[in-house]
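Please assemble the complex out of the two chains, which come individually in their own frames, going by the hints.
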Amino acid sequence: MTAPAPPASDASSPPDRPAVRDGTGPERVPRLWHELRAVHALVHRDLLRLAAQPVHTGLMLVQPMLYLFILGGGLAALIPNSSLGGGYQTYLFPGVLMMTVQTPAIMVGIRLITDRQSGYVRELLMAPVRRPILLLGTCAGGTLVATVQGAVLLALVGAIGLPYDPLLLLTLLVGMMLTSFTLTALALTLAVTLDRPEVFNMLLGLVMMPLLLLSGGFFPVGNLPGWAHTLAAANPLAYGVDVLRRCIAARVPDRAAPTTVEWSGWQPPVLLEGTLLLTVGILALLWAAHRFGRPE
Amino acid sequence: MQPDTADEARTRATLPPTTAASPDLEPSAVQSAYAISTRGLVKSYPGPDGATTHAVHGLDLDVHRGETFAFLGPNGAGKSTTISLLCALARPTAGQATVAGVDVIRQPDEVRRRVGMLFQQSALDSDLTAEQNLHIHARLYGLSRRHARLRATETLEKVGLADRRRSRVRTLSGGMRRRLELARGLLHAPRVLFLDEPTTGLDPHARAQIWEYLRALRDQHGNTLFVTTHYLEEAENCDRLGIIDHGRLVAEGTPLALKAAIGDDRVALRTGDDAAARHVVAGLAPEGRAITLDADGVSLRIPDGSTWIPRLCAALADQGIAVHAASATPPTLDDVFFHHTGRSINAPPSHGTPTAMVPAATPAAIEEAP
Numbered sequence: 437m438t439a440p441a442p443p444a445s446d447a448s449s450p451p452d453r454p455a456v457r458d459g460t461g462p463e464r465v466p467r468l469w470h471e472l473r474a475v476h477a478l479v480h481r482d483l484l485r486l487a488a489q490p491v492h493t494g495l496m497l498v499q500p501m502l503y504l505f506i507l508g509g510g511l512a513a514l515i516p517n518s519s520l521g522g523g524y525q526t527y528l529f530p531g532v533l534m535m536t537v538q539t540p541a542i543m544v545g546i547r548l549i550t551d552r553q554s555g556y557v558r559e560l561l562m563a564p565v566r567r568p569i570l571l572l573g574t575c576a577g578g579t580l581v582a583t584v585q586g587a588v589l590l591a592l593v594g595a596i597g598l599p600y601d602p603l604l605l606l607t608l609l610v611g612m613m614l615t616s617f618t619l620t621a622l623a624l625t626l627a628v629t630l631d632r633p634e635v636f637n638m639l640l641g642l643v644m645m646p647l648l649l650l651s652g653g654f655f656p657v658g659n660l661p662g663w664a665h666t667l668a669a670a671n672p673l674a675y676g677v678d679v680l681r682r683c684i685a686a687r688v689p690d691r692a693a694p695t696t697v698e699w700s701g702w703q704p705p706v707l708l709e710g711t712l713l714l715t716v717g718i719l720a721l722l723w724a725a726h727r728f729g730r731p732e
Numbered sequence: 006m007q008p009d010t011a012d013e014a015r016t017r018a019t020l021p022p023t024t025a026a027s028p029d030l031e032p033s034a035v036q037s038a039y040a041i042s043t044r045g046l047v048k049s050y051p052g053p054d055g056a057t058t059h060a061v062h063g064l065d066l067d068v069h070r071g072e073t074f075a076f077l078g079p080n081g082a083g084k085s086t087t088i089s090l091l092c093a094l095a096r097p098t099a100g101q102a103t104v105a106g107v108d109v110i111r112q113p114d115e116v117r118r119r120v121g122m123l124f125q126q127s128a129l130d131s132d133l134t135a136e137q138n139l140h141i142h143a144r145l146y147g148l149s150r151r152h153a154r155l156r157a158t159e160t161l162e163k164v165g166l167a168d169r170r171r172s173r174v175r176t177l178s179g180g181m182r183r184r185l186e187l188a189r190g191l192l193h194a195p196r197v198l199f200l201d202e203p204t205t206g207l208d209p210h211a212r213a214q215i216w217e218y219l220r221a222l223r224d225q226h227g228n229t230l231f232v233t234t235h236y237l238e239e240a241e242n243c244d245r246l247g248i249i250d251h252g253r254l255v256a257e258g259t260p261l262a263l264k265a266a267i268g269d270d271r272v273a274l275r276t277g278d279d280a281a282a283r284h285v286v287a288g289l290a291p292e293g294r295a296i297t298l299d300a301d302g303v304s305l306r307i308p309d310g311s312t313w314i315p316r317l318c319a320a321l322a323d324q325g326i327a328v329h330a331a332s333a334t335p336p337t338l339d340d341v342f343f344h345h346t347g348r349s350i351n352a353p354p355s356h357g358t359p360t361a362m363v364p365a366a367t368p369a370a371i372e373e374a375p
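These protein sequence lines are chains A and B, in that order. Positions 437 to 732 (my numbering) are the ones given, in order, by the first sequence. Positions 6 to 375 (my numbering) are the ones given, in order, by the second sequence.
If you're looking for bench data, these hints aren't it; they were derived computationally from the structure. Please read these numbers as outputs of a predicted model, since none were measured by experiment. Where hints are given, some of them may not hold.
Going by beta-carbon spacing under 7 Å, a handful of chain A positions derived as facing chain B [unchecked claim]:
| hint | residue |
| --- | --- |
| 1 | HIS470 |
| 2 | ARG473 |
| 3 | ALA474 |
| 4 | ALA477 |
| 5 | ARG481 |
| 6 | LEU483 |
| 7 | LEU484 |
| 8 | ARG485 |
| 9 | ALA488 |
| 10 | SER554 |
| 11 | GLY555 |
| 12 | TYR556 |
| 13 | GLU559 |
| 14 | ALA563 |
| 15 | PRO564 |
| 16 | PRO599 |
Here a beta-carbon is modelled for each residue, glycine too, at the ideal position from N, C-alpha and C.
Chain B with its partners taken away, still in its complex shape (with noise of 0.2 Å):
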């Protein structure tokens, strides 16, 4: 038996170049249509009082490989740890999940070592120059020194920043280290790319420019991006979108057949007398219709929304009621996510969020304390 294992170990360690150069093709990763596929995906802390919460609860999840996926929730519905479980930052519970065609359980290393990821509080070396701070980051991931210096030259030409590459990042805006950021996370050339939130905190001009990065990247190097977002006209540009709340994916599909799944047009109206007017409304509408009645006027969701209005304006002419205003609109994906969550995506409760990502992207925040 010993001398079996042994011969095997010597067998295995002469022929590095047979055994590192098959499997270049990769049948796992070739064989999954999928960039990322979880089952059961579970993580689960200890609560306060012996209770335990479950940040993400059997999350069946699958992105397809170069697609671009937003994942939207409520703040505290697990975006962020689902995102730490498929990145390997942490180990779930229980359930699977592969990556980049890697186990994330079993092969930790070896899935971030395939995936990019854009944190959403991120953080750069303030006092090193932009190209420093790429340099650090691509030995980190083992890169040569050749390779690492070609690799931040690139990237950082990518991002459109090779004019800064020697400006500390002290001195660059927020754009610019949200872009040089990006350029950190293509250093290994990673086919799927986690961002975190990617826009939060910039104006529009530089939230355009990032995005305009990430479409390049999906179309010209076919990475899959997996991006979490609280701009839905973001959410709307993606292939595909997944809801998740408590834990659990709750709505998943493109942004057009999530909204066509919820069908109903908004018909508001604005009258002289909202209250009465709601009774006529009532009193056309088919049953079960909720109406609502609130400072904007009088409003219902209903299958295409424009016919109603002729109709409704009629009947309500006919009660000598003015009409003074009248619309029908698709629904939107807020609508979606209100129709899946309860919530509205800027509602209160998940406005924490922008308030507190702000200070994250003045230099206050990143910079360290002396």
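Isolated chain A (complex conformation) (with noise of 0.2 Å):
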């Protein structure tokens, strides 16, 4: 990942940022520049424990595994083809990549609250850095390390009868990559507020099942009551999943599925999906580093 060349002027900096640079080496560059540093250096720590970890990450792909394969591939014999697009187990894909990069969006914000206990953040908060870029090279680095995971599954399109079309898997890999970053930005955004881990993964337990039944992954939430409907369309994992569902739909027609979130009868386009989970990712992010960023 390389970064943008630096702007050539060093007039964006506050003016009573003294022209002094420091002794410690020969280069002097702009402080846009060093703050892209730190946060290739924070997405580069990500992917370093990604490699470091193969088992970990190994198993974190195996649920999603599990549930296309096993649940999947069970239910497909119950579910007639014709009632939902295509079969069971195309329906279920958009539903399994959404888990899949949900978990490693979750662990960023477990890891900013043990970094915290740890003391790591601490060491992270001594770099001449603005605390707010921190915190968005972490989104950065769990969106990509996110990211990386669901490529992995998009490797499985064959195995549920979608053609290895590229512009399918580059559509849903952008798809992905949204939702990746969402996660990660609400996970972070829960994280700056909670101090203790034990507390995070409670209120994770709580809201994670209901938040992954109601987001029409597994089975479409048309046939609930009304207040179903209501819950759906405030959750941003039902966005997401209808954005992968419809980056199916657009390259394989014949296996279009029924999409999740209505507002009061109207199908809001899959751009405006988009743009919605993308505006919620920044606000997101943008309070977490606010709040992360206060003086202590």
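This is the structure we're talking about:
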């Protein structure tokens, strides 16, 4: 990952900042460039950790595969293909992708809390970087790791009868990146407000199951009573699943399945759903960065 | 008005080399002989029942450039808070502080760029290798990839861990981790290094090693070291030391000067009848000297203690009291500490720290939850 070229001048930095540069090295670079290096450092850390724990990474991928092949394979025999557009496994796929990116995204939140307890966050805060930048880097790292894990699952599209269409894979990848970003940002929002991992875990245990069930990833929410629709319309996971589902529908129209989100009978277009997801992610991240950036 | 400011901005923008190069001499840092200088530094927190807790309460402190300064104090005296303020991790409530020539309130980022920190409870990423930990940290400080690699190699060599560069941190011993943390603190070549209890929880050998590296830093690079410690023999070897209590500096000076200021030696006697001996000693000693009687015998503080021993022994012999042992000890740093804070540095109230610190050095405490 290479960062974009630094701006030509440092005029954007506050005027009270002296022109004095550190004597630490021969380089003299603008602040923004320094901060991009810090973001890169945090992303790099996440990738190194991913590579350092191959077993852990592998195990995180096992669960979605179990769902896809055992639950999906089992239920596929019960559910007639016609009711869901394609086969049940095709229907389940967006939900499984969601589960895949959701686990590492949540891990980012847990790790922020444990890092804070272990003192690692304090080490990060010592870096001569604005604090919100550190949270931005953490979010970028989490998003990338989640997307990488989701990308592994994309290799399975053939196994559930979808074509290895480059455009399909690309749109699914973009959809997962978007979803990963929003989920990571939400996990970080939660993490900066809680100081104990147990509370974080408890809260997730309480909230994640209903969110997943009402995301439309496992079954169409349309058959549930009205309150479930309302909940689904407020469920970020439902938007993520919808976006992924529509990526499939766009390339493989005969496998199109019903979407989940409905605003009083109206289905928002995919771009609007994606934009909403992105907006929620950005707002969550900004709030978390603000909260994280408060000086002691 | 408008065009003027725009022009000025442009001039500044187009001339980065001159503006960046000329202040390399850093007039502010050269003018000041102090690496750290604080005036009336205050940090207060809202207390439990509306009261305000002053963790640091009007601290005036000067640390010369290139010196090793020991910062002592009972637990809760404000040591860690002071360090947080000095390395711009926390904002002072009032007062001012300049560290490495930079104001901590106005330019906190610049302060952090110039100082290194070894936290009391330090943390490394135990899944990554020593080298990876350093590399990531160097990048956080804005070093280029090449420079980061170079500095990681250099600092690993400096702390004697070059052969363990590819080892996962979880496989390193407590002493090695501490050295790795030291290397991490040195990556960006800070002039001022803060060390909060750098050797607590380490075995004597590892402690000696850490101090060897610290001394080399001071001697070879002229770094200013600001150290807190519970080991008085470590403070003894520092150039100067300051004692903080209730958020204020209560004593400051070289170890020798501080001990000399107390002046009095401690004379201790063990006799056949300590209670009777106490009376005899009280009769001989100058007015107003407190004479203590405990399980170890009779003791008092008095200048030139050794000259008193023959006189005391003679007087006791006259009374028929057998003297088993007599000693006169010059004041120690512990006496200095006791004199200024009313507590011994290793007394039970401050005993909580060493025991609380031990788990930090064990792998279990540092490792993250899976």
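Hints, one by one, checked against the model:
1. HIS470: Hint on HIS470 of chain A: holds, closest Cβ of chain B at ~3 Å, below 7 Å.
2. ARG473: Result: holds, 5 Å to nearest chain B Cβ.
3. ALA474: holds, 5 Å
4. ALA477: holds, 3 Å
5. ARG481: With a minimum Cβ separation of about 5 Å from chain B (threshold 7 Å), the hint on ARG481 of chain A holds.
6. LEU483: For LEU483 of chain A, the interface hint is violated, since the closest Cβ of chain B sits about 10 Å away, which is over 7 Å.
7. LEU484: Since chain B brings a Cβ to about 5 Å from LEU484 of chain A, closer than 7 Å, the hint holds.
8. ARG485: holds, 6 Å
9. ALA488: holds, 5 Å
10. SER554: Check passed: Cβ of SER554 of chain A comes within 4 Å of chain B, closer than 7 Å.
11. GLY555: holds, 4 Å
12. TYR556: holds, 4 Å
13. GLU559: holds, 6 Å
14. ALA563: holds, 4 Å
15. PRO564: With a minimum Cβ separation of about 4 Å from chain B (threshold 7 Å), the hint on PRO564 of chain A holds.
16. PRO599: At 38 Å from the nearest chain B Cβ, PRO599 of chain A fails the 7 Å test, so the hint is violated.
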